[in-house]
Amino acid sequence: MKKFALAVLAVLGAGVVMAQIPSVKVENSRGKSIKTSTLVDGETPMILSFWAVSCSNCILELNAISEKYPDWLEEADFRVVAVSVDDAKNSAKARALAEGNGWGDFTLLYDKNQDFQRAMNAPVLPHVFVVDKTGKIVYSHTAYQAGGEDELFNVIKSLK
Amino acid sequence: MVLSLACCSALCGQGNKGYVTGSLESNSIGYVNDNRIPVTVPEGGIGSNNYLKVDYYRGALSAGLQAEAYAPALVGFPTNLHGAKLANFYVDWRSRSLGLTAGTFYDQFGSGLLFRSYEDRALGYNTAVLGGRLTYSLGGIVDVKVLGGLPRLPMTAERAAADRHVVYNEWSKTLIGGADVSLSLSNLLGWESATVAVEGSVLGRRGAVEPKAVAAGVDVSQLNVGYSGRLNVESGGFVARAEWVDAGRNYFATSIAPNGYFVKNSNAQLVDLGYSGGGLGVNLSVRRLEWMESLIDYTDVVRGDENITNNYLNYVPALCAQYSYTLTNINPYIPECYYINDYYGLYSSGEIGGQLDVYYHFRRGTLLGGKRGMKMNFNLSTYYNLKEEGSALPDNRLWLNVNVGMEKFFTRKFKLKALYAMQQRNINHGMNDVSATAHIFVADMLYKYTPKLSTRLELQYLYSQDDMNGYDWMAALFEINWAPRWSLYAGDTFNHGAERVHYYNFGVSYTASRTRIALGYGRNRAGLVCSGGVCRTMPAYTGGNLTITSSF
Numbered sequence: 001m002k003k004f005a006l007a008v009l010a011v012l013g014a015g016v017v018m019a020q021i022p023s024v025k026v027e028n029s030r031g032k033s034i035k036t037s038t039l040v041d042g043e044t045p046m047i048l049s050f051w052a053v054s055c056s057n058c059i060l061e062l063n064a065i066s067e068k069y070p071d072w073l074e075e076a077d078f079r080v081v082a083v084s085v086d087d088a089k090n091s092a093k094a095r096a097l098a099e100g101n102g103w104g105d106f107t108l109l110y111d112k113n114q115d116f117q118r119a120m121n122a123p124v125l126p127h128v129f130v131v132d133k134t135g136k137i138v139y140s141h142t143a144y145q146a147g148g149e150d151e152l153f154n155v156i157k158s159l160k
Numbered sequence: 001m002v003l004s005l006a007c008c009s010a011l012c013g014q015g016n017k018g019y020v021t022g023s024l025e026s027n028s029i030g031y032v033n034d035n036r037i038p039v040t041v042p043e044g045g046i047g048s049n050n051y052l053k054v055d056y057y058r059g060a061l062s063a064g065l066q067a068e069a070y071a072p073a074l075v076g077f078p079t080n081l082h083g084a085k086l087a088n089f090y091v092d093w094r095s096r097s098l099g100l101t102a103g104t105f106y107d108q109f110g111s112g113l114l115f116r117s118y119e120d121r122a123l124g125y126n127t128a129v130l131g132g133r134l135t136y137s138l139g140g141i142v143d144v145k146v147l148g149g150l151p152r153l154p155m156t157a158e159r160a161a162a163d164r165h166v167v168y169n170e171w172s173k174t175l176i177g178g179a180d181v182s183l184s185l186s187n188l189l190g191w192e193s194a195t196v197a198v199e200g201s202v203l204g205r206r207g208a209v210e211p212k213a214v215a216a217g218v219d220v221s222q223l224n225v226g227y228s229g230r231l232n233v234e235s236g237g238f239v240a241r242a243e244w245v246d247a248g249r250n251y252f253a254t255s256i257a258p259n260g261y262f263v264k265n266s267n268a269q270l271v272d273l274g275y276s277g278g279g280l281g282v283n284l285s286v287r288r289l290e291w292m293e294s295l296i297d298y299t300d301v302v303r304g305d306e307n308i309t310n311n312y313l314n315y316v317p318a319l320c321a322q323y324s325y326t327l328t329n330i331n332p333y334i335p336e337c338y339y340i341n342d343y344y345g346l347y348s349s350g351e352i353g354g355q356l357d358v359y360y361h362f363r364r365g366t367l368l369g370g371k372r373g374m375k376m377n378f379n380l381s382t383y384y385n386l387k388e389e390g391s392a393l394p395d396n397r398l399w400l401n402v403n404v405g406m407e408k409f410f411t412r413k414f415k416l417k418a419l420y421a422m423q424q425r426n427i428n429h430g431m432n433d434v435s436a437t438a439h440i441f442v443a444d445m446l447y448k449y450t451p452k453l454s455t456r457l458e459l460q461y462l463y464s465q466d467d468m469n470g471y472d473w474m475a476a477l478f479e480i481n482w483a484p485r486w487s488l489y490a491g492d493t494f495n496h497g498a499e500r501v502h503y504y505n506f507g508v509s510y511t512a513s514r515t516r517i518a519l520g521y522g523r524n525r526a527g528l529v530c531s532g533g534v535c536r537t538m539p540a541y542t543g544g545n546l547t548i549t550s551s552f
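Chains L and C supply the protein sequences, listed in that same order. Under the numbering used here, think of the first position of the first sequence as 1, with each following residue one higher. Under the numbering used here, think of the first position of the second sequence as 1, with each following residue one higher.
If you're looking for bench data, these hints aren't it; they were derived computationally from the structure. We put the beta carbon where it would ideally sit given N, CA and C, even for glycine. One should not assume that every hint holds.
Said to hold, decoys possible - Distance condition first, Cα-Cα at most 30 Å in a straight line; then the derived DSSO-like pairs of lysine-lysine: (1) LYS68(L) to LYS452(C); (2) LYS264(C) to LYS371(C); (3) LYS25(L) to LYS17(C); (4) LYS145(C) to LYS32(L).
Unchecked claim - Label pairs and their computed distance ranges (CB to CB): (5) VAL198(C) to GLU67(L): 32 to 42 Å; (6) LEU223(C) to ASP77(L): 54 to 64 Å; (7) ASP77(L) to LYS387(C): 55 to 65 Å; (8) ASP150(L) to ASN428(C): 47 to 57 Å; (9) MET445(C) to ASP105(L): 23 to 33 Å; (10) ASP105(L) to VAL263(C): 46 to 56 Å; (11) PHE506(C) to ASP150(L): 39 to 49 Å; (12) GLY104(L) to LEU546(C): 52 to 62 Å.
Stated by the list, open to error - Some residues of chain L that are not near chain C, with every Cβ distance over 10 Å (derived): (13) LEU39; (14) ASP41; (15) TYR69; (16) ASP77; (17) VAL81; (18) THR107; (19) ASP115; (20) VAL124; (21) ALA146; (22) GLU151.
Between the sequences and the hints, there should be enough to build the whole structure, so can you do that?
Spelled out as structure tokens, the structure:
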């Protein structure tokens with residue numbers, strides 16, 4: 001019942017529209033251009049977080065997720081995709097910052113002219129989505145307060 | 001679960017009918033008079049910037065629009081933003097290898113030094129191009145992009161009145177056309193261990209005629225062609241990128257030139273070298289800029305209006321430390337694309353410099369890492385103006401920044417972020433060697449009482465023996481957060497070195513999923529508001545602000 005309530009909440013949370021991840025070109029950590037539709041693997045859900053070097057709350061949230069990720073993985077299999085929307089000012093720095101914050105477990109993507117951010121309608125950072133294994137957006141949230149990451153994991157668990 | 005999904009599908013036309021998504025953003029300020037500082041209170045006492053964006057996706061097809069309403073624009077925003085309008089609209093179709101866009105679009109070549117069309121609402125920027133774009137990808141080896149159209153530039157009232165025959169006055173009369181090609185050598189040769197790409201771009205611009213310039217023997221409307229070449233290499237955590245830009249001939253109005261115009265070749269060179277691995281992230285950027293300004297509209301009525309700050313065809317960000325604390329941003333660095341001082345008859349053609357960033361993660365269990373690990377960061381950035389035109393030799397120092405920061409959870413509940421920064425800025429654009437120095441100290445403390453309830457206290461001090469911005473400053477900010485919905489804050493920034501004015505702020509925000517409502521009140525100092533390394537001067541104001549953002 002609790003799972004059901006969470007799922008309903010998640011659906012309502014997504015604004016009732018079950019949008020899918022649009023296909024936009026972004027750069028991966030190896031400097032290769034990839035389509036965002038390839039993030040959907042049909043097997044595991046993901047937390048998709050848009051961040052920028054200038055957004056301290058985004059970094060706070062990703063650090064909080066990073067701290068808990070190993071423990072969470074024992075309960076549910078999922079991926080964390082961190083999309084830097086930094087433009088030329090900070091995109092090179094974003095790469096170094098991600099490594100120096102220990103985000104090696106995350107899939108790191110670079111959206112240098114904010115095409116993906118715009119397509120996902122996430123104008124204000126931090127903005128995080130939970131996407132199920134079929135690519136449907138089941139939950140999203142803007143802004144971050146310490147502890148807010150637990151709700152993301154509750155949604156992930158409800159998808160099992 | 002199944003039920004709720006089915007219900008939603010029925011409601012929103014999931015499946016082959018496609019889906020609609022969008023976002024709403026509204027920023028409003030009620031301005032009041034303040035007898036402590038000279039503030040700007042607009043007629044009516046209210047400013048409001050509003051954006052509604054809606055997109056529809058169905059298979060390979062997407063279409064969307066953005067409406068904007070300024071009722072009127074917030075104080076300090078470009079004055080050419082007014083009224084309500086359907087600002088952007090597009091139809092886009094893409095298959096595996098081919099993509100077509102008609103309407104407005106955003107794009108950039110390389111890092112944007114040659115061309116970038118983008119939106120930044122914090123600055124009132126929107127340089128979307130109205131026209132068409134074609135992209136083609138040949139097996140991941142060659143990527144081609146061809147585009148053309150009119151960059152968006154809301155006109156001045158004066159110009160709009162003169163252009164009454166133009167039905168839609170949101171677009172400049174400047175026509176641009178360009179192409180960008182990327183060749184992936186690593187994909188072509190089947191290399192697995194490295195990514196190597198060679199890229200090149202060309203951009204043409206033809207602007208509106210300026211009779212005054214023509215009379216002076218300069219035609220700002222004539223075709224200008226710029227080029228850029230780039231090399232990107234990535235292998236085993238190492239990354240190297242080089243970009244060379246020749247942005248063609250551009251025009252700089254000045255009384256130093258006998259006919260009133262400098263006609264100069266704009267060029268830039270940029271190199272990024274990075275390494276990431278084992279918890280260490282390093283990046284070194286070196287950049288040289290010369291006469292690096294490319295405008296959308298060169299007519300006097302647009303360029304002569306200092307309130308029209310959204311007139312750029314390219315993007316030249318400040319490559320320096322990125323701070324999120326008030327006192328570290330009192331004197332932000334602005335790149336010197338060129339500098340002209342008509343009064344003294346002095347000019348500088350540009351700058352050269354760079355920055356080094358180091359991020360390191362001391363893992364848990366190591367000597368410095370302790371039980372919970374520790375993160376450190378370091379930035380050194382420095383820029384000099386060019387000794388002479390065409391050279392890469394440095395002259396006077398424009399800017400120097402050194403900062404060291406750390407971040408650590410000392411207990412499960414207490415996290416400290418500490419920062420020291422030294423900033424030195426030339427006060428005469430490098431025309432002589434006089435600088436002002438500031439030392440800034442920040443302690444940012446987070447305490448978690450329960451998994452959901454936390455408080456954050458930020459303490460800052462700026463020490464300076466120079467009068468550049470009133471000697472010493474201090475600032476404090478206290479936040480109470482109840483995750484994931486409520487946040488309350490109160491803060492004060494106080495210049496005790498000279499003017500002794502309290503810039504106080506307090507407010508509350510509520511977030512439900514993708515909707516956030518924030519209400520605040522405070523006194524805001526005049527200064528530069530920077531976003532993405534581009535800055536806009538904001539006049540001082542006191543008042544209440546309401547921000548609503550939502551997506552669907």
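Here is how each hint holds up against the structure:
no., hint, verdict
1, LYS68(L) to LYS452(C), "15 Å, holds"
2, LYS264(C) to LYS371(C), "58 Å, violated"
3, LYS25(L) to LYS17(C), "24 Å, holds"
4, LYS145(C) to LYS32(L), "17 Å, holds"
5, VAL198(C) to GLU67(L): 32 to 42 Å, "41 Å, holds"
6, LEU223(C) to ASP77(L): 54 to 64 Å, "57 Å, holds"
7, ASP77(L) to LYS387(C): 55 to 65 Å, "59 Å, holds"
8, ASP150(L) to ASN428(C): 47 to 57 Å, "53 Å, holds"
9, MET445(C) to ASP105(L): 23 to 33 Å, "27 Å, holds"
10, ASP105(L) to VAL263(C): 46 to 56 Å, "54 Å, holds"
11, PHE506(C) to ASP150(L): 39 to 49 Å, "28 Å, violated"
12, GLY104(L) to LEU546(C): 52 to 62 Å, "41 Å, violated"
13, LEU39, "16 Å, holds"
14, ASP41, "18 Å, holds"
15, TYR69, "14 Å, holds"
16, ASP77, "18 Å, holds"
17, VAL81, "17 Å, holds"
18, THR107, "14 Å, holds"
19, ASP115, "7 Å, violated"
20, VAL124, "5 Å, violated"
21, ALA146, "4 Å, violated"
22, GLU151, "5 Å, violated"
The structure fails hints 2, 11, 12, 19, 20, 21, 22 (numbered hints given earlier, in ascending order).
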